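In the order they appear, the protein sequences are chains A and B.
Just remember that the working numbering sits 454 ahead of the position in the first sequence, which is counted from 1.
Just remember that the working numbering sits 454 ahead of the position in the second sequence, which is counted from 1.
Keep in mind the hints are simulated off the structure, nothing from the lab.
Here the structure is a predicted model, which means the values were calculated and not measured.
Some hints could be false.
[What the hints assert, rightly or not] Partial selection, computed: residues in chain B whose CB lies under 7 Å from chain A:
(1) Gly479
(2) Gly524
(3) Gly526
(4) Ile590
[Unchecked claim] Here are a few chain B residues that sit away from chain A, every Cβ distance over 10 Å (derived from the structure):
(5) Leu484
(6) His553
(7) Glu556
Ideal Cβ positions, reconstructed from N, Cα and C, are used throughout, including at glycine.
There are 2 protein chains.
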Amino acid sequence: MQIRALTPADRPGLWAIVEPVVRAGETWALDRDMSEEAGWAYWTAPDREAFLAEADGRLLGAYFLRANHGGGGAHIANTGYMVAQDAVGRGVGRALCLHSLETARARGFRAMQFNFVVTTNAPAMHLWQSLGFAIIGRVPGGFRHPVLGDVDTVMMFREL
Amino acid sequence: MQIRALTPADRPGLWAIVEPVVRAGETWALDRDMSEEAGWAYWTAPDREAFLAEADGRLLGAYFLRANHGGGGAHIANTGYMVAQDAVGRGVGRALCLHSLETARARGFRAMQFNFVVTTNAPAMHLWQSLGFAIIGRVPGGFRHPVLGDVDTVMMFREL
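Can you make the complete structure from the sequences, with help from the hints?
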């Protein structure tokens, strides 16, 4: 598995990863009817850089990295990870996160923060904690899960 | 004091409130060298509506209201408040917040969340708690204060 920067040529491949995640609406706080165009705009917004995991020419996952805030909050990174449906359970999320930690360090960030982890997303909750992230906050009923109803979200944080 | 929607004609008056807050860089996570144009773009971004407090034709403060996240996170509001330097201590922040709580309820939000309250901003910390907001998270060293160095930030939350 290799991880490399997203390019304009990856647009259809990225959407093949993003669309099922967005349509399911169970883990990300994005509009479930998001268009392909809006999805591309989200992943290529000027405040972030995006990377892809790839093996044998197949895209396995993606993440973005940005400053979580501007000004006096710009020393803390924020990231988001998506794994291709047919690549779940193969360590792609872990590989993306490790790559993002390294990239964030190289960019001079001092810490990384997740603003919105849905607590019913057990694999993510487990993975981030195994990678050194601590829960630093909890929003009661922060997410309207399409199947489970209102569930809590947490913020996670680790130094770099 | 009246509170009303921001209009294009308010652009210079809004900037007179925003510029000192941004330049000081002690309470908001915005670039300290933000231009007037970027400031206006921030306050009038398509994801938010903005309001002004006014008395005798003078602008006293401003706030914006938006959904804190999209999709399954869109039921929680997020707001930001700024008070004109020469109007501090006159209850403008409280009036703006009470107005925003009412507006958020009217828009159908179920709760309100602040993502980034600088803990050294004692008047804000006190005010939000007096208005029913609870601290639901803390980011260690989340803010690089230009005078005090790295200080914690907190997230705050209340139901509507």
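Evaluation of the provided hints:
Taken as an interface hint, glycine 479 of chain B checks out: its beta carbon lies about 6 Å from the nearest beta carbon of chain A, inside 7 Å. With a least beta-carbon distance of about 5 Å to chain A, the hint placing glycine 524 of chain B at the interface is held under the 7 Å criterion. Residue-level restraint check for glycine 526 of chain B holds (minimum Cβ-Cβ distance to chain A is 4 Å; threshold 7 Å). Restraint check, isoleucine 590 of chain B versus chain A: the minimum CB separation of about 5 Å is within 7 Å; hint holds.
Distance check for leucine 484 of chain B against chain A: the nearest CB is about 5 Å away, which does not clear 10 Å, and the non-interface claim fails. Annotated as non-interface, histidine 553 of chain B keeps its C-beta farther than 10 Å from every C-beta of chain A; the closest such distance is 23 Å. The beta carbon of glutamate 556 of chain B sits about 21 Å from the closest Cβ of chain A, which is more than 10 Å, so the claim that it is off the interface holds.
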